[in-house]
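4 protein chains.
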Amino acid sequence: MYIRDPLFGNIKLGDLEGSIIECSDFQRLRYIRQLGFAFLVYPGAVYSRFEHSLGTFHVTRDLAANVSEEDNEELALAGLLHDLGHGPFSHSSDPLIAEFLGTNHELAGMEKVRRGEIGDIIRGNGLSVEKLTGYLRGESLGGIVGGVLGSDRIDYLMRDALHIGVAYGVIDYNRIKGKLTLYNGRPAIYASGMQGAESLLISRYFMHMSVYFHHAGDIATEMYRKAARIALQNGAFDPKELLEMTDDEVIIKISSEKEAGKLLHKVFRRKLFKRVYYGGARPGIGERELEDAMASAGIPQNEYIINTQKSKEDHEEGLSVVSKDGSYMGRLEELSPLVKALINISNSRNILMVAVEKDRLPAAAKAMENVLN
Amino acid sequence: MYIRDPLFGNIKLGDLEGSIIECSDFQRLRYIRQLGFAFLVYPGAVYSRFEHSLGTFHVTRDLAANVSEEDNEELALAGLLHDLGHGPFSHSSDPLIAEFLGTNHELAGMEKVRRGEIGDIIRGNGLSVEKLTGYLRGESLGGIVGGVLGSDRIDYLMRDALHIGVAYGVIDYNRIKGKLTLYNGRPAIYASGMQGAESLLISRYFMHMSVYFHHAGDIATEMYRKAARIALQNGAFDPKELLEMTDDEVIIKISSEKEAGKLLHKVFRRKLFKRVYYGGARPGIGERELEDAMASAGIPQNEYIINTQKSKEDHEEGLSVVSKDGSYMGRLEELSPLVKALINISNSRNILMVAVEKDRLPAAAKAMENVLN
Amino acid sequence: MYIRDPLFGNIKLGDLEGSIIECSDFQRLRYIRQLGFAFLVYPGAVYSRFEHSLGTFHVTRDLAANVSEEDNEELALAGLLHDLGHGPFSHSSDPLIAEFLGTNHELAGMEKVRRGEIGDIIRGNGLSVEKLTGYLRGESLGGIVGGVLGSDRIDYLMRDALHIGVAYGVIDYNRIKGKLTLYNGRPAIYASGMQGAESLLISRYFMHMSVYFHHAGDIATEMYRKAARIALQNGAFDPKELLEMTDDEVIIKISSEKEAGKLLHKVFRRKLFKRVYYGGARPGIGERELEDAMASAGIPQNEYIINTQKSKEDHEEGLSVVSKDGSYMGRLEELSPLVKALINISNSRNILMVAVEKDRLPAAAKAMENVLN
Amino acid sequence: MYIRDPLFGNIKLGDLEGSIIECSDFQRLRYIRQLGFAFLVYPGAVYSRFEHSLGTFHVTRDLAANVSEEDNEELALAGLLHDLGHGPFSHSSDPLIAEFLGTNHELAGMEKVRRGEIGDIIRGNGLSVEKLTGYLRGESLGGIVGGVLGSDRIDYLMRDALHIGVAYGVIDYNRIKGKLTLYNGRPAIYASGMQGAESLLISRYFMHMSVYFHHAGDIATEMYRKAARIALQNGAFDPKELLEMTDDEVIIKISSEKEAGKLLHKVFRRKLFKRVYYGGARPGIGERELEDAMASAGIPQNEYIINTQKSKEDHEEGLSVVSKDGSYMGRLEELSPLVKALINISNSRNILMVAVEKDRLPAAAKAMENVLN
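Protein chains in written order, with our numbering: chain A, 1 to 373; chain B, 1 to 373; chain C, 1 to 373; chain D, 1 to 373.
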């Protein structure tokens, strides 16, 4: 069975994968936009987690064939199923899932694999669900899916670039693939492939700057989150549904609550809040202080949003680099001055944005002035 | 103002176009899939009429600049607004609009331009809405948007190919653009550009064969139509709303009717009906005969669909071809044996498909055998 | 070992192929332009037979993997070595090789494989040179390289399009690959892949019309041929060298003869002859009659060229089409009305071109008028 | 008049440009490989300065239209003619031109424009050759061609990537174009376009690392230079011809000298010298010391090469960045930590390579050990 893919041509699926993608848990991904609300800035950004999941499956298999002789079906399935737990509008729902359910989409996804129809199919084919979820937790070869040079990143960077029309996502996939190897049972890269790795990290940097951190997309996302919070607080739906709903379905639920629906409607007709502050965050001025400031300016909670962009200090760029003979040379960030520079730039990012309903701008500006001085 | 486009890079909009696309009638196009239910076959086929409309605007302006010195803002806006009247899932709603409203998406679109906020903006800028709708009716230079080599076709063929990943949509846009001219005030092509025209028509032929006429997409489309008909017949919503709703909104409405909702749910979880007949249509065996056959086999109306693919005998390929000095040489189909062949192939297409709920296959097969013999 | 390729990314070579491409007979292909003199019309058309040969090797291996489980090293090498016998400027030298050596590039290539260093390497690896040349003669699986849907065509159509910048070479390679099979031990295509086959033949038609048959390229080619003939007739070099020289080397040899060198110099500074006749060929007016006419008009042989474009009536489009279960359905041209139309168009092509040094145009026009009436 | 271009589709030329490209000085560029000997590593790297010059013309006109309302024909021609002075194999001849003629390709190109047929045509059209050469010297708007974000770089980075098949040359041309402006009469960039500038400089960094500095290409280049030096020292041709010859012609001349010809022949059959040292340069160990070491090891001058890669400490990245209202914000390298990092990486590059004929490796290794310790 072949599925036509705009990035990789034909993606070949075996009978097992064919059965898995027929399951409702997987079909649901057709109706979750990969890039949340980015489509309000980039019209082409409407493609689905379904498409990305198939692509990640394809890249996983392709990378795995370069580091090992044997087929590893569980690893390929980890690529296919790594996004099963996403909520509506993908990462837009992440904080809601954390606040209301105390979990995250990775854990929720593994749970779905284990407990649902998909897990039954996998076990019915004599494969190990535990091995698969181990990969999703990043154990052993898991980095081939979720690591620095993993199939997840490779697929979404290239696919975002294709559908959106930005140049930045073009990475040297051929070189990465050809130079990937294992070191201590984990993905590593030959020194001669360091440029491939650099190209991926550069691409990721540019995509963050121009797409993932775009202020208008972020405003829309925060408006959605606020609408969802209001709806949830007023009991419009059970937070557990966040893990089961599609984009369409969450819109229906949120719209059933009046105030939340009004706010969400603005998002979809692109009546977005306007920025009253966009710049460096200040120590001591947190979300609570800003909410108080808005309240004292008479701005109701559904007429402003607060957004912060702060890099996680993950040290994942610590990919091992090995020489031609397989001996350890160092971590990527130690050996590549370019990667080092990117990590520094990324770690020093700490942006605060406050945006309000257009006619609240004067009041909000005054309030911001007070709180910042 | 620039909007990033995956096909053409940056699309430049002036202030006027910027105001128009902010209107709700235009924003609605964000939520109408360009290719209806084709996404169930081609995962990338989820892009919107919004994106296509911007692209058509861009191509219109580009083509117009090649045939005339003066700016023609009404013509460019005709490109931008030519799809304003589409119902949910684009062409999937066409028969519903005809049956229940006695109109079509072209007429409905012109009405929207005339009566709505968009018309006010156009008139407020000293432009003529009548001139614009004249173009949409195909008068004068209107063929630059809707003609054989028009911006509408050029954009959708290339854009479908890009997002879906089929090779066929790659047409020689540069040559078409460079060789377009006017003859008797209408778009025509220089003889030296005939290959460009041939490339477009070939591309259209291939896209019909592989995408627009794909049996699974057609089954899903007919299932949607049947669900909508049931919901409309039971008063679940006012047919006039067909011209105002998005994909999401029609789903909500149809789902509010039990039987219709059940049928539609099958579409979205990809539990599609299976073909019991797919082949040449037979004279004397029309929709009524087939419905009777299904009824007598005990198959309820929401468990089968009937679909016919019959080319319209339009002679639109009658584009004028002119020599270097501008004199008339003949119509494209007379001068190009390849175009002639394509028209013959297209006109002789007459396919009938009947598909049923999986467990109805044996009964349906028997019924079909009876009706065909 | 990987070689970077603009069409396919990285092409992987084994040790055996690595040794073969190091041989002088193969390195020579670096200096033979794939498209002869087309670069005078399309600046990008300067790429080499070396690049195309690597690409054909890659596609051969890719196609072969889809029709058979076992590796077939001889078949892959047939792809790599199928062009070894080309003379300078590729097909531009074909008539010279026929006239002066009584052979052709296919036979010459097989001879090179058999007798040279390359043959020794192949035999030294325990492989059969006879099996390889059998494939080159079209026996057994040879059609995977040289057939209707063979790797040779697939590679050059796509590669020409890439480097030249024409849209026409974009074929549905994925579908062809996925739908190729064997019937009676020969390449055949499943009915569901007929569109892929059609796309390739359409692409070939367009490339012929716009690139391979471009009048300016044809004039340059005939000027080269005439210059080479003059040089050969005057003993400037041994015709056997045609099979050993590169583009550069034949230029040096031709330039050593004064009259021939003068003619060739015009080609390279793009002082091309101008058309005095370009249209349908006439029965009874052959090359001899035209040469007499030019002579009687006082035009020396190095100031005119005659060129005819006549399709070979090969019935190679007779590819077998088979159903899903492998049973024979018919030949491609019987089942596809589009392919049938293309063959008719192609078979009816019969163009005559006469071109002369610019200042000979009036005399030549008069002479042509006499001979045609 | 249109010329088909693989990167930009159709490039439109006016009558003036049409006449200029017909001149021998311009046609000569057809026979100079843009990337010198890189084709020995990347088979697709055979495209010509002719193609690049047309592309640079196209981009120049495109960029200029974004910063100024008026046509500037001299600026566009500066783009077309900026490479007229290149010697055979482009930059491979640069040191020869410096050593033997005391000039460089930029100055030689301006001289050609001034003195030749091209200058006559330009003046004959009422245009100023002085204005044009002023742009080539970098005066006034000259940076639109030769600057940090100039048309020269934009074209070659994208074109190299296309023909070679590396991913790195994909830059955000649309953003650069849209965000280019003037500050104090010189090209500058809006702050909102800094990412576009970063993308170009990153692309250039990657192309240097993977293509322009590839060790095998560098070895071939140094072998060519040594062969040319031997031929020139032995009077095989007049160094002035370096500015008039094509790739083919210099091969003929060098081959006429026995020792030089033998060396050059190795290049073209890819019998390249092998590295005996490749690493950081050492203070105090210059070319003379290395030559002495090779001599004392009994290695003749035509059996080794020495190559150094040292960044020029140009501060050209000092492009002005301006705010939305046109006021000065700083230089690019001050405002972009990424550009700053790239400059540091580039400035610290200081690589020495010594390569020798294969069977000289043991002797050379010993000699290198002595000189380095």
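Check each hint, because a few of them may be wrong.
[To be verified] Label pairs and their in silico Cβ distance ranges:
1. D:Arg137 / C:Lys310: 35 to 43 Å
2. B:His265 / C:Leu16: 52 to 60 Å
3. C:Ala65 / A:Asn184: 27 to 35 Å
4. B:Gly326 / C:Gln309: 50 to 58 Å
5. C:Leu16 / D:Leu361: 23 to 31 Å
6. D:Ser192 / B:Glu111: 20 to 28 Å
7. A:Gly185 / C:Phe213: 39 to 47 Å
8. B:Gly18 / D:Asp15: 48 to 56 Å
9. C:Lys310 / A:Tyr2: 49 to 57 Å
10. A:His265 / C:Phe213: 53 to 61 Å
[Stated by the list, open to error] List time: in silico DSS-like cross-link candidates among lysine-lysine, alpha-carbon distance up to 25 Å:
11. B:Lys240 / B:Lys262
12. B:Lys274 / A:Lys12
13. B:Lys177 / D:Lys177
14. D:Lys12 / B:Lys177
15. D:Lys12 / C:Lys274
16. D:Lys12 / A:Lys310
17. B:Lys358 / C:Lys324
18. B:Lys12 / D:Lys12
What the hints contain is simulated information worked out from the structure, not anything from laboratory work. Only a predicted model underlies this, so the values are computations on that prediction, with no experimental measurement involved. Cβ atoms here follow ideal geometry from the backbone N, Cα and C, with glycine treated the same way.
(Q) Run through the hints listed earlier and report the numbers of any the structure violates, in increasing order. (A) Violated hints: 1, 4, 6, 7, 8, 9 and 16; rest satisfied.
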